[in-house]
Amino acid sequence: MSTPILETASLAAAEGLQDTRAALRFVTCGSVDDGKSTLIGRLLVDSRAVLQDHLAGVQRGGATDLALLTDGLSAEREQGITIDVAYRYFSTENRKFIIADAPGHEQYTRNMVTAASSADAAVVLVDATKLTWQSPSPELLPQTRRHSLLVNLLRVPSIVFAINKLDAVDDPALAFAHISAALTQFSEHAQIPVTAIVPVSALIGYNVVDANPGWCGYNGPGLLEILEHLSATPGDTAHAFAFPVQWVEKFSASSDTSQGRRVFWGRIASGAVQPGQQITVLPGGKTATVAQVLDHARQPKAVLAGHSAGIILDRELDVSRGDWLLASDGFEPPLGAREITATIAWMDEEPLLPGRLYWALQGHRWVKAKIKRIVHQLDINTLASHDATQLGVNAIGVVELSLLEPIAALPYKQSRVLGSLVLVDTASHKTSGAALVL
Numbered sequence: 009m010s011t012p013i014l015e016t017a018s019l020a021a022a023e024g025l026q027d028t029r030a031a032l033r034f035v036t037c038g039s040v041d042d043g044k045s046t047l048i049g050r051l052l053v054d055s056r057a058v059l060q061d062h063l064a065g066v067q068r069g070g071a072t073d074l075a076l077l078t079d080g081l082s083a084e085r086e087q088g089i090t091i092d093v094a095y096r097y098f099s100t101e102n103r104k105f106i107i108a109d110a111p112g113h114e115q116y117t118r119n120m121v122t123a124a125s126s127a128d129a130a131v132v133l134v135d136a137t138k139l140t141w142q143s144p145s146p147e148l149l150p151q152t153r154r155h156s157l158l159v160n161l162l163r164v165p166s167i168v169f170a171i172n173k174l175d176a177v178d179d180p181a182l183a184f185a186h187i188s189a190a191l192t193q194f195s196e197h198a199q200i201p202v203t204a205i206v207p208v209s210a211l212i213g214y215n216v217v218d219a220n221p222g223w224c225g226y227n228g229p230g231l232l233e234i235l236e237h238l239s240a241t242p243g244d245t246a247h248a249f250a251f252p253v254q255w256v257e258k259f260s261a262s263s264d265t266s267q268g269r270r271v272f273w274g275r276i277a278s279g280a281v282q283p284g285q286q287i288t289v290l291p292g293g294k295t296a297t298v299a300q301v302l303d304h305a306r307q308p309k310a311v312l313a314g315h316s317a318g319i320i321l322d323r324e325l326d327v328s329r330g331d332w333l334l335a336s337d338g339f340e341p342p343l344g345a346r347e348i349t350a351t352i353a354w355m356d357e358e359p360l361l362p363g364r365l366y367w368a369l370q371g372h373r374w375v376k377a378k379i380k381r382i383v384h385q386l387d388i389n390t391l392a393s394h395d396a397t398q399l400g401v402n403a404i405g406v407v408e409l410s411l412l413e414p415i416a417a418l419p420y421k422q423s424r425v426l427g428s429l430v431l432v433d434t435a436s437h438k439t440s441g442a443a444l445v446l
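Throughout the sequence shown, residue numbering follows this note's numbering, covering 9 to 446 in sequence.
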């Protein structure tokens with residue numbers, strides 16, 4: 009059986025994926041003990057990205073424990089689970105990769121959201137041994153559903169389902185067929201675009217680095233080949249210029265590049281910047297003209313979204329870390345919005361309640377945000393929306409926010425940077441939720 013979405017990786021490449029040369033950032037997610045760390049360990053070992061002394065350090069009882077290649081915290085090694093996000097780097101002849109190994113436990117969902125927010129692709133693992141694969145419509149695990157919904161909400165461009173541990177079931181082909189059908193039905197119902205569904209055995213290595221044609225009735229590419237042909241997320245150049253100020257370099261009379269003026273450094277969120285552009289500072293509303301643009305190497309150059317830049321204005325304005333430089337004619341209203349409707353992924357043990365006040369972080373700017381109203385909550389099992397008076401931990405819902413100061417906001421489906429907010433508890437300073445502007 010071939011994957012229902014992607015027949016071959018070469019076909020995907022021919023369909024116009026934008027950039028398969030840039031390093032691909034992907035996150036592995038799914039339920040606890042589905043084999044995420046083992047899968048990454050298999051990718052690293054079989055692609056020869058692990059030194060022999062490192063490999064010797066993860067031996068247990070004469071066997072190699074692949075999961076230990078990513079589980080570095082002492083608590084992770086003691087409990088055999090992933091708690092924090094572990095980043096690993098490797099490359100093949102065709103591509104460089106940055107992997108984020110996200111935890112599967114519900115209590116660490118916030119770590120998974122952090123990793124997925126900047127990912128180009130997500131590999132959602134499904135443990136075949138945990139499902140009633142003999143049934144034509146096996147019930148998926150709640151965390152599989154939750155993570156799939158979250159990576160889709162976070163606009164991760166490519167989502168791959170990897171059905172793992174098929175080597176441990178009696179009829180791998182039947183299990184793959186039934187679980188694939190359940191994943192396809194779920195993703196279609198939830199409107200999740202799926203790039204591929206592939207059977208793998210992370211422990212043995214089937215269909216991970218090297219394809220095993222015919223195994224489980226699958227004749228498509230292996231997981232690594234699929235990843236090699238996915239595109240990196242392009243910069244948001246379709247919208248007006250927006251720039252969150254991260255650092256202010258004080259003027260220096262001896263600097264040839266700054267000409268005695270301050271340089272505002274950061275990463276361009278959307279659009280592009282070049283000398284002569286009219287910009288507005290948010291907050292404050294003061295306007296100026298861009299006098300010079302420096303790239304990351306301090307060379308004068310026009311810079312596009314997704315890249316770091318230093319901006320010098322034609323006159324001195326009160327601009328600090330956290331402020332935004334915006335195209336003067338690019339946003340409606342021009343000085344930002346105070347009332348926001350957003351999808352919330354709630355990650356705090358303390359429930360979200362109407363009337364509560366939080367810090368909202370956008371870019372490098374903090375503003376106070378009040379929860380006006382909970383519009384509805386999403387049932388991750390039925391995907392139906394229902395009324396709610398509060399949102400508990402790991403709940404997903406839609407809320408209305410009232411901000412003390414305006415922010416430059418676009419819908420998240422248009423801009424991952426301008427459309428995202430992090431809500432932080434004002435007392436405990438814990439990350440409470442991720443808000444995606446609607």
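Take these hints with a grain of salt, some might be off.
[Claimed, not checked] Only pairs whose alpha carbons sit at most 27 Å apart, straight line, appear in this in silico DSS-like list of lysine-lysine: (1) K294 <-> K309; (2) K376 <-> K421; (3) K104 <-> K138; (4) K438 <-> K380; (5) K376 <-> K294; (6) K258 <-> K294; (7) K421 <-> K380; (8) K309 <-> K376; (9) K378 <-> K421; (10) K378 <-> K438.
[Unchecked claim] Simulated DEER-style distance windows between Cβ atoms: (11) D54 <-> R346: 51 to 59 Å; (12) A30 <-> T295: 29 to 37 Å; (13) Q286 <-> N227: 55 to 63 Å; (14) A176 <-> P144: 30 to 38 Å; (15) A392 <-> K294: 41 to 49 Å; (16) R329 <-> G222: 32 to 40 Å; (17) G225 <-> L391: 27 to 35 Å; (18) E357 <-> A299: 45 to 53 Å; (19) S328 <-> G284: 39 to 47 Å; (20) H197 <-> G363: 29 to 37 Å.
In case anyone wonders, no lab produced these hints; they're calculated from the structure.
Glycine included, C-beta positions come from ideal geometry on N, C-alpha and C.
Worksheet item: Does the Cβ pair A392, K294 satisfy 41 to 49 Å?
Response: 48 Å, holds
Discussion item. Looking only at beta-carbon atoms, does the pair H197, G363 fall within the given range of 29 to 37 Å?
Written reply: 34 Å, holds
Fill in: Status of the given 30 to 38 Å range, CB of P144 versus CB of A176
20 Å, violated
Fill in: Range hint compliance [Cβ, A30 to T295, 29 to 37 Å]
35 Å, holds
Worksheet entry | Proposed proximity, K294 with K376 (alpha carbon, max 27 Å) | 22 Å, holds
Fill in: Hinted pair K421 and K380, Cα distance within 27 Å
Cα-Cα ~23 Å, so holds.
Item to complete: With a cut-off of 27 Å on the C-alpha distance, tell me whether K294 and K309 pass.
Response: Satisfied, since the Cα-Cα distance of roughly 25 Å is no more than 27 Å.
Discussion item. What's the verdict on K378 and K438, does the C-alpha distance respect the 27 Å limit or exceed it?
Written reply: 16 Å, holds
Discussion item. Check the hint pairing K376 with K421 against an upper bound of 27 Å on the C-alpha distance.
Written reply: 24 Å, holds
Worksheet item: Between Q286 and N227, does the C-beta distance stay in 55 to 63 Å?
Response: Roughly 57 Å apart at Cβ, these two residues keep to the hinted range, so it holds.
Worksheet item: Is the Cα-Cα distance between K104 and K138 27 Å or less?
Response: 33 Å, violated
Discussion item. I want to verify a distance hint. Is the separation of the beta carbons of D54 and R346 within 51 to 59 Å?
Written reply: Because 52 Å falls inside the window, the suggested range holds.
In summary, the structure is inconsistent with hints 3, 8, 14, 16 and 19 from the numbered list given earlier, while agreeing with the others.
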